[in-house]
Structure formats: C-alpha cells, structure tokens
Amino acid sequence: NAGVTQTPKFQVLKTGQSMTLQCAQDMNHEYMSWYRQDPGMGLRLIHYSVGAGITDQGEVPNGYNVSRSTTEDFPLRLLSAAPSQTSVYFCASSGVAGLEQFFGPGTRLTVL
Amino acid sequence: KQEVTQIPAALSVPEGENLVLNCSFTDSAIYNLQWFRQDPGKGLTSLLLIQSSQREQTSGRLNASLDKSSGRSTLYIAASQPGDSATYLCAEHSGGGADGLTFGKGTHLIIQP
Chain B
1410 NAGVTQTPKF
1420 QVLKTGQSMT
1430 LQCAQDMNHE
1440 YMSWYRQDPG
1450 MGLRLIHYSV
1460 GAGITDQGEV
1470 PNGYNVSRST
1480 TEDFPLRLLS
1490 AAPSQTSVYF
1500 CASSGVAGLE
1510 QFFGPGTRLT
1520 VL
Chain U
10 KQEVTQIPAA
20 LSVPEGENLV
30 LNCSFTDSAI
40 YNLQWFRQDP
50 GKGLTSLLLI
60 QSSQREQTSG
70 RLNASLDKSS
80 GRSTLYIAAS
90 QPGDSATYLC
100 AEHSGGGADG
110 LTFGKGTHLI
120 IQP
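Just so you know, the sequences run in chain order B and U.
Here the first sequence stands for residues 1410 to 1521, where the numbers follow the working numbering.
Here the second sequence stands for residues 10 to 122, where the numbers follow the working numbering.
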C-alpha cells in the first residue's frame, strides 16, 4: 500500500492563479480531510469528506473548494491564489470519521 | 472552539533519559486523542491513538495516557535516543470525530547524543 499520496510536493504560484492539489489513498478509507500548517498556528482543518459525494467545511475553508467523486481521491482547488495561502498542505484519511488518521507527505505552496 | 495546548514548546535532554510530553485540551466530550511525530520538512506519522474509553496505550518505548476529567494527556518516552528528535503533536477528535482533528502547536524535542 502506498498509503496517502500527494502531488505536487512543491508549487510556486502567482497571485490570482488557480491550481489543484491532488490527494489519493489506497486504503479504501471513507474519511478524508485537508489541513494547512502555518508557523505559529499549527495545523488547521480546511475541508473534510465522510464519503464519496459528501464534503463539508472545516475551520478555514475560504478560498478553497473540494469535491469527492471517488473514495480514493480528494482534490483541493485554489480558485484564485493569494499570498495568505502560502502554507504547507496535508491530506489525511481514516477508515471512518474518528478513527486513527494517516497523513500524506504534504505539498509546500508559495504564492507570490 | 476547542483548544489543545502543549507544554513545553521545546525540550532538550541527554540521550537515555525518560521524558514526558504534556498535552491539555478543553473539550470535555473528547472522542479520542492522537499523538503524532513530525520530522523537519516531512509529514505526520501517527504514534498512538487513545479512545475516550481508554486510559492509556503503549507502543514500544512510547506510552500515552488520557485523563478526561483533568483534560490532560501525556506521552512518555522511555530511554530516549537521538533518533527520537522531532516535533511531537497531539490532536483531539471531538463531535464524534467527523469534525476533524484539533491540533496543539507541538513540542520540539532534541535528544543530545
């Protein structure tokens, strides 16, 4: 099992550009989520999904969109990148909500 | 809004010492608590998960405890090694777990050879 995979590992964007951060898991997990990690702020929840076709907002959802068309994939879309979205983004999954969560290696995003 | 606090923010100890990392949380209806390790520039590695009905969990040299009444969890590391150097994060699940994890800001641990 590859576990939770994320692409790309690094990305530089200009203000106003859009992009999609990819997340995939091969463990048949129902629950998937996205976090951002910022110095001094810790990790904060952006969006989560309890199963295919179901998504909901976390603590810091503004500027991000998600969809969950398959159990395996949970992409995070930045519609119009802003410097405030410079961060490290982590995707996580668990069998169902509330069980042990497993994290991907992260995507380091810089918005100029 | 739930809060998770980790003290100390940084800790440096000589190799071989036993040590305790502290985590406190405000959620009296905690669902479970998870400890992670994060190496510089890397993702989070799950160490231990303690369900709200449990008092402790053990894995090798690691032992994590949970005291819901006092809102505290501790991670005990026995016979520390330089390879244990990392940032340790605790995070709690609330609301049945669907609302994701609330993280502390971590304890940066250095084990001196």
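Derived from the structure by calculation, the hints contain no laboratory data.
One or more hints might be untrue.
As the list claims (entries may be wrong) - Label-pair restraints from in silico Cβ distances: (1) ARG64/U / SER1489/B: 44 to 54 Å; (2) ILE119/U / PRO1470/B: 14 to 24 Å; (3) GLN1431/B / THR14/U: 46 to 56 Å; (4) ARG1517/B / THR67/U: 11 to 21 Å; (5) LEU1488/B / TYR85/U: 27 to 37 Å; (6) TYR85/U / SER1493/B: 18 to 28 Å; (7) ASN1410/B / THR67/U: 36 to 46 Å; (8) GLU24/U / SER1489/B: 43 to 53 Å; (9) PRO1417/B / SER62/U: 32 to 42 Å.
Backbone N, C-alpha and C define an ideal beta-carbon position, used for all residues, glycine too.
Now for the hints, and whether the structure bears them out:
| no. | hint | result |
| --- | --- | --- |
| 1 | ARG64/U / SER1489/B: 44 to 54 Å | holds (48 Å) |
| 2 | ILE119/U / PRO1470/B: 14 to 24 Å | violated (36 Å) |
| 3 | GLN1431/B / THR14/U: 46 to 56 Å | violated (33 Å) |
| 4 | ARG1517/B / THR67/U: 11 to 21 Å | violated (34 Å) |
| 5 | LEU1488/B / TYR85/U: 27 to 37 Å | violated (45 Å) |
| 6 | TYR85/U / SER1493/B: 18 to 28 Å | violated (39 Å) |
| 7 | ASN1410/B / THR67/U: 36 to 46 Å | violated (25 Å) |
| 8 | GLU24/U / SER1489/B: 43 to 53 Å | holds (50 Å) |
| 9 | PRO1417/B / SER62/U: 32 to 42 Å | holds (41 Å) |
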